[in-house]
Amino acid sequence: MAHSSDGEGSLQTLGAGPANDHQDQERDSGISDVDDQISTTTSISTLFREQLNISKNGRRYPLSPFDEGKEFLLPNDEQEQQRLDMQHKLIAVLMTGNSNSNGAALLSPPQQLAYGGLVLDVGTGTGIWAMDFADEHPNMDVMGSDITPIQPHLFVTTLHRPSSLRADLFRVPNNCTFVVDDLEQPWDWAEQFNLALVFCRCITGSFKDPRYIFRQSFSQLEPGGRLEIQDFDLRLQHCGRAPTTTKVQSLLDALFKKSEETGLCLDCVHEYRGMMAEIGYEDIQEKKYYVPLGGRWPREELYKQVGWWASFVVVDFLEALCLELLVGRSGWTVEEVDVLFDLIRAELQDHHYYITFYTLSGRKPGSLSTIPRPTPGGLGAIANDLTTTKPPRCPCTKPPDEDAATHASKRFRE
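Going letter by letter, the sequence shown gives residues 1 to 414 in the UniProt record's numbering.
Please note that a few of the clues may not be correct.
Simulated pairs of lysine-lysine, DSS-like, Cα-Cα distance not exceeding 30 Å [to be verified]:
| # | residue 1 | residue 2 |
| --- | --- | --- |
| 1 | Lys257 | Lys247 |
| 2 | Lys257 | Lys70 |
| 3 | Lys208 | Lys287 |
| 4 | Lys56 | Lys247 |
| 5 | Lys258 | Lys70 |
| 6 | Lys56 | Lys208 |
| 7 | Lys288 | Lys208 |
| 8 | Lys287 | Lys89 |
| 9 | Lys208 | Lys258 |
| 10 | Lys56 | Lys89 |
| 11 | Lys288 | Lys257 |
| 12 | Lys288 | Lys89 |
| 13 | Lys258 | Lys247 |
| 14 | Lys304 | Lys89 |
| 15 | Lys56 | Lys257 |
| 16 | Lys70 | Lys56 |
| 17 | Lys247 | Lys304 |
| 18 | Lys287 | Lys304 |
| 19 | Lys288 | Lys247 |
| 20 | Lys70 | Lys208 |
| 21 | Lys288 | Lys304 |
| 22 | Lys288 | Lys258 |
| 23 | Lys56 | Lys258 |
| 24 | Lys89 | Lys208 |
| 25 | Lys257 | Lys287 |
| 26 | Lys247 | Lys89 |
| 27 | Lys208 | Lys247 |
| 28 | Lys257 | Lys208 |
Each pair of labels, with its calculated beta carbon distance range [unchecked claim]:
| # | residue 1 | residue 2 | range |
| --- | --- | --- | --- |
| 29 | Ser219 | Asp135 | 26 to 36 Å |
| 30 | Ala346 | Gly69 | 36 to 46 Å |
| 31 | Val339 | Lys56 | 12 to 22 Å |
The hints are simulated quantities; they were obtained by calculation from the structure and are not laboratory data. Heads up, the beta-carbon is just placed ideally off N, CA and C, and yes, glycines get one too.
Throw the hints in and build the complete structure from the sequences for me.
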(Lines of atoms letter the chains of each structure in order from A; the text may use other names.)
(Lines give C-alpha, C1' and ligand atoms only; values in the text may rest on other atoms or scores of the structure.)
Protein backbone atom coordinates (compact mmCIF):
# COMPACT_ATOMS: atom_id res chain seq x y z
CA MET A 1 0.00 0.00 0.00
CA ALA A 2 1.25 3.44 -0.87
CA HIS A 3 1.87 5.92 1.88
CA SER A 4 1.45 9.65 2.08
CA SER A 5 4.34 11.98 2.70
CA ASP A 6 3.58 12.25 6.42
CA GLY A 7 4.00 8.51 6.89
CA GLU A 8 0.35 7.64 7.35
CA GLY A 9 -1.41 5.00 5.23
CA SER A 10 -2.82 5.99 1.89
CA LEU A 11 -6.40 5.08 2.79
CA GLN A 12 -8.47 8.15 2.03
CA THR A 13 -11.85 8.96 3.59
CA LEU A 14 -14.49 10.31 1.24
CA GLY A 15 -16.63 12.52 3.43
CA ALA A 16 -19.27 15.08 2.60
CA GLY A 17 -18.73 18.75 3.31
CA PRO A 18 -19.65 22.23 2.14
CA ALA A 19 -18.20 23.34 -1.17
CA ASN A 20 -15.19 25.61 -0.77
CA ASP A 21 -13.29 26.73 -3.86
CA HIS A 22 -10.46 28.03 -1.67
CA GLN A 23 -9.61 24.45 -0.75
CA ASP A 24 -8.88 23.49 -4.35
CA GLN A 25 -5.19 22.94 -5.06
CA GLU A 26 -3.10 23.06 -8.17
CA ARG A 27 -2.24 19.59 -9.36
CA ASP A 28 0.54 18.25 -11.55
CA SER A 29 -0.52 15.92 -14.35
CA GLY A 30 1.56 12.97 -13.11
CA ILE A 31 -0.35 10.22 -11.34
CA SER A 32 2.60 9.80 -8.95
CA ASP A 33 1.64 13.08 -7.26
CA VAL A 34 -1.91 12.02 -6.48
CA ASP A 35 -1.17 10.38 -3.13
CA ASP A 36 0.49 13.51 -1.74
CA GLN A 37 -2.27 15.74 -3.06
CA ILE A 38 -5.14 13.79 -1.51
CA SER A 39 -3.58 13.84 1.95
CA THR A 40 -5.47 17.10 2.51
CA THR A 41 -8.99 18.17 1.65
CA THR A 42 -9.21 18.50 -2.13
CA SER A 43 -11.89 19.10 -4.76
CA ILE A 44 -12.78 15.51 -5.63
CA SER A 45 -14.54 16.43 -8.87
CA THR A 46 -11.43 18.11 -10.31
CA LEU A 47 -9.03 15.46 -9.03
CA PHE A 48 -11.20 12.64 -10.35
CA ARG A 49 -11.76 14.24 -13.75
CA GLU A 50 -8.13 15.17 -14.37
CA GLN A 51 -6.10 12.33 -12.90
CA LEU A 52 -8.03 9.31 -11.68
CA ASN A 53 -9.55 7.98 -14.89
CA ILE A 54 -8.76 7.23 -18.53
CA SER A 55 -11.04 6.96 -21.58
CA LYS A 56 -10.71 4.09 -24.03
CA ASN A 57 -13.01 2.04 -26.26
CA GLY A 58 -15.80 4.52 -25.63
CA ARG A 59 -15.83 3.97 -21.84
CA ARG A 60 -14.16 5.59 -18.81
CA TYR A 61 -11.89 3.45 -16.61
CA PRO A 62 -10.34 4.21 -13.21
CA LEU A 63 -6.66 4.72 -12.55
CA SER A 64 -5.19 3.63 -9.25
CA PRO A 65 -3.91 6.46 -7.03
CA PHE A 66 -1.62 3.89 -5.37
CA ASP A 67 -0.19 1.90 -8.31
CA GLU A 68 0.52 3.85 -11.48
CA GLY A 69 0.69 0.81 -13.77
CA LYS A 70 -2.38 -1.03 -12.50
CA GLU A 71 -5.24 -1.60 -14.97
CA PHE A 72 -8.89 -2.37 -14.27
CA LEU A 73 -11.31 -4.44 -16.34
CA LEU A 74 -14.50 -2.63 -15.37
CA PRO A 75 -15.35 1.01 -16.15
CA ASN A 76 -16.55 3.62 -13.66
CA ASP A 77 -18.58 5.89 -15.97
CA GLU A 78 -22.24 6.87 -15.73
CA GLN A 79 -23.35 3.79 -17.66
CA GLU A 80 -21.59 1.52 -15.18
CA GLN A 81 -22.98 3.44 -12.20
CA GLN A 82 -26.52 2.99 -13.51
CA ARG A 83 -25.83 -0.72 -13.95
CA LEU A 84 -24.58 -1.02 -10.36
CA ASP A 85 -27.65 0.73 -8.96
CA MET A 86 -29.98 -1.51 -11.00
CA GLN A 87 -28.00 -4.53 -9.80
CA HIS A 88 -28.68 -3.44 -6.21
CA LYS A 89 -32.42 -3.35 -6.91
CA LEU A 90 -32.32 -6.69 -8.75
CA ILE A 91 -30.60 -8.42 -5.83
CA ALA A 92 -33.01 -6.95 -3.27
CA VAL A 93 -35.99 -8.23 -5.26
CA LEU A 94 -34.35 -11.60 -5.83
CA MET A 95 -33.50 -12.20 -2.16
CA THR A 96 -36.87 -11.07 -0.79
CA GLY A 97 -39.20 -12.27 -3.55
CA ASN A 98 -40.87 -8.85 -3.46
CA SER A 99 -40.83 -6.67 -6.58
CA ASN A 100 -41.16 -3.54 -4.42
CA SER A 101 -38.18 -4.41 -2.26
CA ASN A 102 -35.23 -2.08 -1.80
CA GLY A 103 -32.49 -2.00 0.76
CA ALA A 104 -29.47 -3.99 1.86
CA ALA A 105 -30.55 -7.63 1.74
CA LEU A 106 -28.39 -10.03 3.80
CA LEU A 107 -28.14 -13.76 4.41
CA SER A 108 -26.27 -13.32 7.72
CA PRO A 109 -28.41 -13.82 10.86
CA PRO A 110 -30.15 -10.59 11.96
CA GLN A 111 -29.00 -11.08 15.56
CA GLN A 112 -25.46 -10.73 14.23
CA LEU A 113 -26.16 -7.01 13.83
CA ALA A 114 -27.96 -6.34 17.10
CA TYR A 115 -24.93 -5.14 19.07
CA GLY A 116 -23.43 -2.66 16.64
CA GLY A 117 -19.88 -2.58 15.36
CA LEU A 118 -18.06 -1.67 12.16
CA VAL A 119 -19.04 -2.97 8.72
CA LEU A 120 -16.70 -2.94 5.71
CA ASP A 121 -18.29 -2.92 2.25
CA VAL A 122 -15.61 -4.26 -0.13
CA GLY A 123 -15.80 -2.70 -3.60
CA THR A 124 -18.67 -0.42 -2.65
CA GLY A 125 -19.13 1.00 -6.18
CA THR A 126 -21.74 3.77 -6.06
CA GLY A 127 -22.10 3.18 -2.32
CA ILE A 128 -25.79 2.34 -2.58
CA TRP A 129 -25.61 -0.82 -0.43
CA ALA A 130 -23.48 0.90 2.23
CA MET A 131 -25.91 3.83 2.47
CA ASP A 132 -29.00 1.61 2.60
CA PHE A 133 -27.40 -0.61 5.24
CA ALA A 134 -26.38 2.42 7.32
CA ASP A 135 -29.95 3.75 7.14
CA GLU A 136 -31.38 0.39 8.20
CA HIS A 137 -28.83 -0.17 11.00
CA PRO A 138 -28.17 3.15 12.77
CA ASN A 139 -26.36 1.29 15.57
CA MET A 140 -23.52 0.34 13.19
CA ASP A 141 -20.73 2.23 11.45
CA VAL A 142 -20.35 1.46 7.73
CA MET A 143 -17.18 1.99 5.71
CA GLY A 144 -17.49 1.57 1.94
CA SER A 145 -14.16 1.02 0.17
CA ASP A 146 -13.41 1.25 -3.55
CA ILE A 147 -10.52 2.12 -5.84
CA THR A 148 -12.58 4.81 -7.58
CA PRO A 149 -14.44 7.70 -5.86
CA ILE A 150 -17.84 7.54 -7.57
CA GLN A 151 -19.83 7.61 -4.32
CA PRO A 152 -21.95 10.62 -3.27
CA HIS A 153 -19.54 13.11 -1.72
CA LEU A 154 -17.79 16.39 -2.37
CA PHE A 155 -14.35 16.05 -0.88
CA VAL A 156 -11.53 13.57 -0.38
CA THR A 157 -10.08 13.74 3.12
CA THR A 158 -7.60 11.74 5.12
CA LEU A 159 -8.82 8.99 7.43
CA HIS A 160 -8.33 11.22 10.47
CA ARG A 161 -10.15 14.34 9.27
CA PRO A 162 -12.65 15.84 11.75
CA SER A 163 -16.02 14.09 11.80
CA SER A 164 -17.70 17.45 11.10
CA LEU A 165 -16.83 16.89 7.44
CA ARG A 166 -19.19 13.91 7.36
CA ALA A 167 -22.31 16.00 6.81
CA ASP A 168 -25.53 14.33 5.74
CA LEU A 169 -25.43 15.49 2.12
CA PHE A 170 -26.44 13.51 -0.96
CA ARG A 171 -28.40 11.26 1.45
CA VAL A 172 -25.17 9.85 2.91
CA PRO A 173 -26.06 8.78 6.48
CA ASN A 174 -23.93 10.09 9.32
CA ASN A 175 -22.80 6.55 10.16
CA CYS A 176 -21.53 5.90 6.61
CA THR A 177 -18.05 6.77 5.34
CA PHE A 178 -16.41 6.11 1.97
CA VAL A 179 -12.71 5.47 1.48
CA VAL A 180 -10.44 5.13 -1.55
CA ASP A 181 -8.17 2.12 -1.21
CA ASP A 182 -6.74 -0.82 -3.12
CA LEU A 183 -7.83 -3.86 -1.12
CA GLU A 184 -5.55 -6.14 -3.13
CA GLN A 185 -2.69 -4.57 -1.17
CA PRO A 186 -2.05 -5.20 2.56
CA TRP A 187 -4.79 -3.92 4.86
CA ASP A 188 -2.38 -2.08 7.16
CA TRP A 189 -5.02 0.50 8.03
CA ALA A 190 -7.45 -2.18 9.25
CA GLU A 191 -5.29 -3.02 12.26
CA GLN A 192 -6.91 -0.13 14.12
CA PHE A 193 -10.40 -1.57 13.56
CA ASN A 194 -12.35 -4.62 14.73
CA LEU A 195 -14.83 -5.51 12.01
CA ALA A 196 -18.18 -7.06 12.89
CA LEU A 197 -19.12 -7.73 9.26
CA VAL A 198 -17.30 -7.71 5.93
CA PHE A 199 -19.60 -7.53 2.91
CA CYS A 200 -18.43 -8.50 -0.60
CA ARG A 201 -20.90 -8.13 -3.44
CA CYS A 202 -20.23 -9.00 -7.09
CA ILE A 203 -16.45 -8.97 -6.87
CA THR A 204 -16.05 -11.13 -9.99
CA GLY A 205 -13.87 -9.19 -12.41
CA SER A 206 -12.65 -6.83 -9.70
CA PHE A 207 -10.10 -8.93 -7.78
CA LYS A 208 -7.62 -11.41 -9.20
CA ASP A 209 -7.46 -13.44 -6.01
CA PRO A 210 -10.73 -13.68 -4.05
CA ARG A 211 -8.97 -15.88 -1.47
CA TYR A 212 -6.78 -12.92 -0.51
CA ILE A 213 -9.84 -10.76 0.16
CA PHE A 214 -11.50 -13.51 2.20
CA ARG A 215 -8.27 -14.16 4.13
CA GLN A 216 -7.72 -10.48 4.91
CA SER A 217 -11.34 -10.24 6.03
CA PHE A 218 -10.81 -13.21 8.35
CA SER A 219 -7.76 -11.53 9.89
CA GLN A 220 -9.56 -8.24 10.57
CA LEU A 221 -12.90 -9.62 11.77
CA GLU A 222 -13.41 -9.70 15.51
CA PRO A 223 -14.17 -13.15 16.98
CA GLY A 224 -17.69 -14.09 15.93
CA GLY A 225 -17.71 -11.58 13.09
CA ARG A 226 -19.02 -12.66 9.71
CA LEU A 227 -18.04 -12.46 6.06
CA GLU A 228 -20.95 -12.25 3.61
CA ILE A 229 -20.43 -12.78 -0.13
CA GLN A 230 -23.01 -12.19 -2.86
CA ASP A 231 -22.09 -12.89 -6.48
CA PHE A 232 -23.32 -14.15 -9.84
CA ASP A 233 -22.03 -17.45 -11.17
CA LEU A 234 -21.63 -16.67 -14.88
CA ARG A 235 -21.77 -20.29 -16.02
CA LEU A 236 -24.86 -20.60 -18.22
CA GLN A 237 -27.65 -23.03 -17.42
CA HIS A 238 -30.71 -23.79 -19.52
CA CYS A 239 -34.28 -24.91 -18.90
CA GLY A 240 -34.79 -28.08 -20.89
CA ARG A 241 -32.49 -29.05 -23.75
CA ALA A 242 -29.84 -26.39 -24.33
CA PRO A 243 -29.05 -25.30 -27.90
CA THR A 244 -25.88 -26.90 -29.25
CA THR A 245 -24.21 -23.57 -30.02
CA THR A 246 -25.19 -20.01 -29.20
CA LYS A 247 -23.35 -16.73 -29.41
CA VAL A 248 -23.65 -16.06 -25.69
CA GLN A 249 -22.14 -19.44 -24.77
CA SER A 250 -19.33 -19.00 -27.29
CA LEU A 251 -18.65 -15.54 -25.89
CA LEU A 252 -18.49 -16.80 -22.30
CA ASP A 253 -16.12 -19.57 -23.30
CA ALA A 254 -13.84 -16.96 -24.91
CA LEU A 255 -14.04 -14.68 -21.86
CA PHE A 256 -13.30 -17.49 -19.41
CA LYS A 257 -10.28 -18.54 -21.45
CA LYS A 258 -8.93 -15.00 -21.86
CA SER A 259 -9.47 -14.12 -18.20
CA GLU A 260 -7.57 -17.25 -17.15
CA GLU A 261 -4.64 -16.12 -19.31
CA THR A 262 -4.61 -12.79 -17.47
CA GLY A 263 -4.76 -14.41 -14.02
CA LEU A 264 -8.41 -13.51 -13.38
CA CYS A 265 -11.09 -16.06 -12.50
CA LEU A 266 -14.56 -15.32 -13.90
CA ASP A 267 -16.08 -18.73 -13.19
CA CYS A 268 -15.03 -19.60 -9.64
CA VAL A 269 -18.00 -18.29 -7.62
CA HIS A 270 -19.14 -21.86 -7.00
CA GLU A 271 -15.77 -22.44 -5.29
CA TYR A 272 -16.20 -19.64 -2.72
CA ARG A 273 -17.62 -21.93 -0.04
CA GLY A 274 -14.58 -24.20 -0.22
CA MET A 275 -12.26 -21.19 -0.06
CA MET A 276 -14.01 -19.93 3.08
CA ALA A 277 -13.80 -23.33 4.79
CA GLU A 278 -10.12 -23.63 3.90
CA ILE A 279 -9.38 -20.25 5.49
CA GLY A 280 -11.15 -21.19 8.72
CA TYR A 281 -14.68 -19.77 8.56
CA GLU A 282 -17.30 -21.73 10.49
CA ASP A 283 -21.09 -21.98 10.29
CA ILE A 284 -20.94 -21.37 6.53
CA GLN A 285 -24.38 -20.81 5.05
CA GLU A 286 -25.07 -20.86 1.32
CA LYS A 287 -28.20 -19.97 -0.60
CA LYS A 288 -28.78 -19.96 -4.35
CA TYR A 289 -31.19 -17.95 -6.47
CA TYR A 290 -31.88 -18.57 -10.14
CA VAL A 291 -31.72 -15.55 -12.42
CA PRO A 292 -33.36 -15.75 -15.87
CA LEU A 293 -31.45 -13.84 -18.54
CA GLY A 294 -34.48 -12.47 -20.34
CA GLY A 295 -37.93 -11.19 -19.46
CA ARG A 296 -39.98 -12.76 -22.22
CA TRP A 297 -40.01 -16.42 -21.27
CA PRO A 298 -40.29 -16.73 -17.43
CA ARG A 299 -43.75 -17.86 -16.33
CA GLU A 300 -44.14 -15.78 -13.17
CA GLU A 301 -44.45 -12.00 -13.30
CA LEU A 302 -41.75 -11.48 -10.67
CA TYR A 303 -39.22 -13.41 -12.71
CA LYS A 304 -40.22 -11.71 -15.91
CA GLN A 305 -39.24 -8.48 -14.15
CA VAL A 306 -36.05 -10.01 -12.78
CA GLY A 307 -35.23 -11.33 -16.25
CA TRP A 308 -35.52 -7.92 -17.90
CA TRP A 309 -33.28 -6.37 -15.24
CA ALA A 310 -30.78 -9.22 -15.45
CA SER A 311 -30.57 -8.95 -19.23
CA PHE A 312 -29.30 -5.40 -18.66
CA VAL A 313 -27.21 -5.91 -15.50
CA VAL A 314 -25.41 -9.09 -16.55
CA VAL A 315 -25.12 -8.45 -20.30
CA ASP A 316 -23.75 -4.93 -19.80
CA PHE A 317 -21.22 -6.42 -17.38
CA LEU A 318 -20.13 -8.94 -20.01
CA GLU A 319 -19.94 -6.24 -22.67
CA ALA A 320 -17.66 -4.13 -20.47
CA LEU A 321 -15.40 -7.14 -19.94
CA CYS A 322 -15.28 -7.72 -23.69
CA LEU A 323 -14.18 -4.17 -24.38
CA GLU A 324 -11.18 -4.65 -22.11
CA LEU A 325 -10.33 -8.33 -22.58
CA LEU A 326 -11.16 -8.80 -26.27
CA VAL A 327 -10.81 -5.32 -27.78
CA GLY A 328 -7.96 -4.22 -25.54
CA ARG A 329 -6.03 -7.50 -25.56
CA SER A 330 -7.24 -9.75 -28.41
CA GLY A 331 -7.53 -7.52 -31.46
CA TRP A 332 -11.31 -7.16 -31.68
CA THR A 333 -12.86 -3.84 -32.69
CA VAL A 334 -15.48 -1.92 -30.72
CA GLU A 335 -17.82 -2.22 -33.70
CA GLU A 336 -17.52 -6.01 -33.67
CA VAL A 337 -18.40 -6.10 -29.98
CA ASP A 338 -21.42 -3.82 -30.54
CA VAL A 339 -22.77 -6.06 -33.30
CA LEU A 340 -22.17 -9.22 -31.26
CA PHE A 341 -24.05 -7.91 -28.23
CA ASP A 342 -27.02 -6.77 -30.30
CA LEU A 343 -27.31 -10.40 -31.41
CA ILE A 344 -26.78 -11.73 -27.88
CA ARG A 345 -29.50 -9.53 -26.38
CA ALA A 346 -31.97 -10.80 -28.97
CA GLU A 347 -30.81 -14.38 -28.44
CA LEU A 348 -31.38 -14.26 -24.69
CA GLN A 349 -35.05 -13.36 -25.16
CA ASP A 350 -35.65 -16.55 -27.14
CA HIS A 351 -33.52 -19.11 -25.27
CA HIS A 352 -34.33 -20.12 -21.71
CA TYR A 353 -30.95 -19.33 -20.19
CA TYR A 354 -30.41 -18.55 -16.55
CA ILE A 355 -27.49 -18.16 -14.16
CA THR A 356 -27.14 -18.69 -10.41
CA PHE A 357 -26.78 -15.97 -7.80
CA TYR A 358 -24.91 -17.15 -4.70
CA THR A 359 -25.13 -15.75 -1.20
CA LEU A 360 -22.71 -17.09 1.42
CA SER A 361 -22.13 -16.20 5.04
CA GLY A 362 -19.36 -17.52 7.28
CA ARG A 363 -18.35 -16.79 10.87
CA LYS A 364 -14.91 -16.31 12.34
CA PRO A 365 -14.53 -18.67 15.34
CA GLY A 366 -15.51 -17.09 18.63
CA SER A 367 -18.43 -15.04 19.90
CA LEU A 368 -19.27 -11.40 19.35
CA SER A 369 -19.44 -9.24 22.43
CA THR A 370 -22.99 -9.08 23.78
CA ILE A 371 -22.34 -5.68 25.33
CA PRO A 372 -24.29 -3.12 23.28
CA ARG A 373 -21.89 -0.70 21.64
CA PRO A 374 -22.79 2.99 21.33
CA THR A 375 -24.05 4.20 17.99
CA PRO A 376 -21.74 6.23 15.74
CA GLY A 377 -23.71 9.32 16.73
CA GLY A 378 -23.36 8.54 20.42
CA LEU A 379 -27.06 7.79 20.92
CA GLY A 380 -26.60 4.28 22.25
CA ALA A 381 -29.71 3.03 20.46
CA ILE A 382 -30.01 -0.61 19.48
CA ALA A 383 -32.43 -1.75 16.77
CA ASN A 384 -34.89 -3.88 18.72
CA ASP A 385 -36.35 -5.71 15.73
CA LEU A 386 -33.06 -7.00 14.35
CA THR A 387 -33.37 -10.30 16.20
CA THR A 388 -36.77 -11.10 14.70
CA THR A 389 -36.73 -9.66 11.19
CA LYS A 390 -35.75 -12.19 8.51
CA PRO A 391 -36.08 -11.85 4.74
CA PRO A 392 -38.77 -14.11 3.30
CA ARG A 393 -37.67 -17.19 1.40
CA CYS A 394 -37.37 -16.39 -2.30
CA PRO A 395 -39.61 -18.74 -4.32
CA CYS A 396 -36.78 -19.14 -6.82
CA THR A 397 -34.52 -20.84 -4.26
CA LYS A 398 -33.69 -24.45 -5.08
CA PRO A 399 -35.43 -26.95 -2.78
CA PRO A 400 -32.87 -29.30 -1.22
CA ASP A 401 -34.27 -32.38 -2.97
CA GLU A 402 -34.19 -31.03 -6.52
CA ASP A 403 -31.27 -30.39 -8.81
CA ALA A 404 -30.83 -26.99 -10.42
CA ALA A 405 -31.96 -27.93 -13.92
CA THR A 406 -35.16 -29.65 -12.76
CA HIS A 407 -36.17 -26.84 -10.41
CA ALA A 408 -35.41 -24.03 -12.85
CA SER A 409 -37.31 -25.81 -15.60
CA LYS A 410 -40.38 -26.07 -13.37
CA ARG A 411 -40.16 -22.43 -12.26
CA PHE A 412 -39.53 -20.75 -15.58
CA ARG A 413 -40.68 -22.91 -18.49
CA GLU A 414 -43.88 -21.83 -20.17
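Outcome of the hint check:
| no. | hint | verdict |
| --- | --- | --- |
| 1 | Lys257 x Lys247 | holds, 15 Å |
| 2 | Lys257 x Lys70 | holds, 21 Å |
| 3 | Lys208 x Lys287 | holds, 24 Å |
| 4 | Lys56 x Lys247 | holds, 25 Å |
| 5 | Lys258 x Lys70 | holds, 18 Å |
| 6 | Lys56 x Lys208 | holds, 22 Å |
| 7 | Lys288 x Lys208 | holds, 23 Å |
| 8 | Lys287 x Lys89 | holds, 18 Å |
| 9 | Lys208 x Lys258 | holds, 13 Å |
| 10 | Lys56 x Lys89 | holds, 29 Å |
| 11 | Lys288 x Lys257 | holds, 25 Å |
| 12 | Lys288 x Lys89 | holds, 17 Å |
| 13 | Lys258 x Lys247 | holds, 16 Å |
| 14 | Lys304 x Lys89 | holds, 15 Å |
| 15 | Lys56 x Lys257 | holds, 23 Å |
| 16 | Lys70 x Lys56 | holds, 15 Å |
| 17 | Lys247 x Lys304 | holds, 22 Å |
| 18 | Lys287 x Lys304 | holds, 21 Å |
| 19 | Lys288 x Lys247 | holds, 26 Å |
| 20 | Lys70 x Lys208 | holds, 12 Å |
| 21 | Lys288 x Lys304 | holds, 18 Å |
| 22 | Lys288 x Lys258 | holds, 27 Å |
| 23 | Lys56 x Lys258 | holds, 19 Å |
| 24 | Lys89 x Lys208 | holds, 26 Å |
| 25 | Lys257 x Lys287 | holds, 28 Å |
| 26 | Lys247 x Lys89 | holds, 28 Å |
| 27 | Lys208 x Lys247 | holds, 26 Å |
| 28 | Lys257 x Lys208 | holds, 14 Å |
| 29 | Ser219 x Asp135: 26 to 36 Å | holds, 29 Å |
| 30 | Ala346 x Gly69: 36 to 46 Å | holds, 39 Å |
| 31 | Val339 x Lys56: 12 to 22 Å | holds, 19 Å |
When each numbered hint is compared with the structure, no violation occurs for any of them.
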